[in-house]
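Here is how the chains run, residue by residue.
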Amino acid sequence: MRPRRGQDSSNTGPTGVASASGDLVLSSLTKRFGPFTAVDGLDLTIAQGSFFALLGPSGCGKTTTLRMIAGLEQPTVGEIRIGEHEITYDKPYRRPVNTVFQSYALFPHLSVRENVAFGLKRRRSDSVASQVAEVLELTELQGLADRKPAQLSGGQQQRVALARAIVNKPAVLLLDEPLGALDLKLRRQMQVELKRIQTEVGLTFVHVTHDQEEAMTMADTIAVMNAGRIEQLGAPAELYELPATTFAANFLGQSNLIRATVAQRQPDAATVALPDGGLVAVPSGRLPAGIAEVWVGVRPEKISVHEAADRADPAGHTAGRNRIPAAVVTDASFMGVSTQYLVRTPWQQELMVFEQNRGGATIFRPGDRVSLSFATEHTFALDAGQDAEAGIELDEALG
Amino acid sequence: MTTTVGQRPAGAKPATIPARRRRSAWTVLRENVVWVVAALALVYLLLPNLVVVLFSFNKPNGRFNYTWQRFSLDAWLHPCAAPGMCESLSLSLKIGVVATVVATLLGTMIAFALARYRFHGRAGSNLLIFLPMATPEVVMGSSLLTLFVSMGIPLGRVTILIAHIMFCLSYVVVTVKARIAGLDPRLEQAAADLYANEWQTFRRITLPLVAPGIAAGALLAFSLSFDDYIVTNFNASNASITFPMYVWGAAARGTPVQINVIGTAMFVLAVLAVALGQLAGRRRSRAH
Ligand SMILES: Nc1ncnc2c1ncn2[C@@H]1O[C@H](COP(=O)(O)OP(=O)(O)OP(=O)(O)O)[C@@H](O)[C@H]1O
Ligand SMILES: [Mg+2]
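Residue numbers (this note's numbering), protein chains in the order written: chain A, 1 to 399; chain B, 1 to 288.
Careful, some of the hints might be misleading.
Looking from chain B toward chain A, a few residues come up when the C-beta cut is under 10 Å (computed) [to be verified]: (1) Asp184; (2) Ala192; (3) Leu194; (4) Glu198; (5) Thr201; (6) Arg204; (7) Leu209; (8) Ala211.
Treat the hints as calculated values from the structure; they're not laboratory data.
Even for Gly, the Cβ is constructed at its ideal location relative to N, Cα and C.
From just these sequences and the hints, can you work out the full model?
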């Protein structure tokens, strides 16, 4: 369950300059509410200037983590540093950190302009008016500067909350599901906007979200969090292509997980036996060391469906592809850009397959006998000690 | 309704008109029933005030200002001519102001303590703070009298003030506490997040947002103190006659027109204050 990858390789930020001076570092950060552990020994380094997404199901401790970074909650154990400065027990107003609250928390008695100027005035900053004007322009709020928050739409309020935080140019900007209340269209629009602002201003963003798509499109690094712990950490593509736990495999996108036993380990590729006894290949780097029982995983869109072969062979692998020759389509839904199949294997497991509609390919019907194939390099294996269903309902419940 | 008649093409039968008109009149009444009721309610509410105003311009024969004789500005030109009245008025105002200030300050602090902190005896305090509101004034007045007498505290302004602060306090606490309860704690957290220390957060966020509650509590306290008769009467001496006591006492001896002058002035002041508040509110909302 340890994060598979540290901070070393990727997070150099949009400017491309690796810098340790302003990195946000959490060390064994823990928060307990009575007997309940909300955040459990978090170890994280978030590079200066990077866009970091914290992704996880409801109640996994995302908000609590942000609140500890902001100073609104005291950690039970652990340490928070920004660069060389330890800020674990500093008052919130002494930290170079600003938050965009999930509920916006705009000051109702102050105008948009006064809301945005609030932080600058408290720090007795020079040229408050010009800085505010600049940020209002960035967030396209110029025309609304004299309105009260109650006179704004949800999306406009969201932008005020954002403007109020970024105008201070904090070392770290915390965003707690800031787009949660918006409709899909506005949400996509704001995602683009947020990313643009982050790139333009070059701040460190820690963005909490339920929405895996949002995390994958926006973030340089994603941390998948579950029950107070980080399940996996990495660049979006890396996380998606090579999940480290069944939770990550199911929570981020969908996965087919097939129970298997390791048959042979070789330096470049290992073979594992599927329930029908057939051997499929898994690249050695994608097979955890020292275990015999595994879940063999493959993403639905990585599987191709073909006409069934004449003979019902067991599963096997040839020419860089793993094959499951004798399967039956149980459900087919045409989705426009793709067709989604449920296909039953000889060992009575239903696999999910998304096939792109490139035109010309046969569309199979329920009852058709088919064979499946997927590239060995898209195959991964996870320790079978884990629940294959972990993260599934959570993901579905959150839509 | 008649316009439609006029626009009728020539030759249309006029026979249908009375029926239409009767129905229209009924409709008019039905549509305006809210206004009619509102006007009646307003008359009911304001008639006593109008009588007070009217009789402040009266020149009664004798001591009682109960029947209209003739118009006069005497009372308005000499408001303090009625012996003892202006002294009692100024005493009531002084007590009202001091009681309001003290009760509002204490009450606001108590409200914050009760709303924001968990401490030993909080539930008890919450309950006890309601007691003065629930106790009949006669009971409160007489028990205070017993207390003061048994403690040997001489009755007078001080005892009145103590009594007034005591019952005003509950009202202030209750109003301010309701306002604090409606305050989103995240606003204060957001302020702290935006570099405001504890004092700045209180001054810039908490206080302005709770202010309407404090103002309402203060107004309530002043009007309660200013017109309290029962509790005051128990705990006053002959040297500390408040305005309500004066009016009551005067009612037996005779009612000087000046009482109506004060009544009218208070009424006009109150209406003016409300109107100004509304005007300011409208201007503020129009500015944005
Ligand atoms: N003050 C508190 N007292 C007790 N438990 C708390 C407190 N705050 C949070 N928790 C618990 O800690 C856990 C994590 O809460 P947190 O708010 O961090 O979740 P989250 O990941 O932000 O969830 P969501 O996505 O729903 O916002 C939850 O189970 C919550 O019930
Ligand atoms: Mg949350």
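So, going through the hints one by one against the coordinates:
1. Asp184: 7 Å, holds
2. Ala192: 4 Å, holds
3. Leu194: 4 Å, holds
4. Glu198: This hint holds: Glu198 (chain B) lies near chain A, its Cβ roughly 8 Å from the closest one there, short of 10 Å.
5. Thr201: 8 Å, holds
6. Arg204: 8 Å, holds
7. Leu209: 6 Å, holds
8. Ala211: Result: holds, 9 Å to nearest chain A Cβ.
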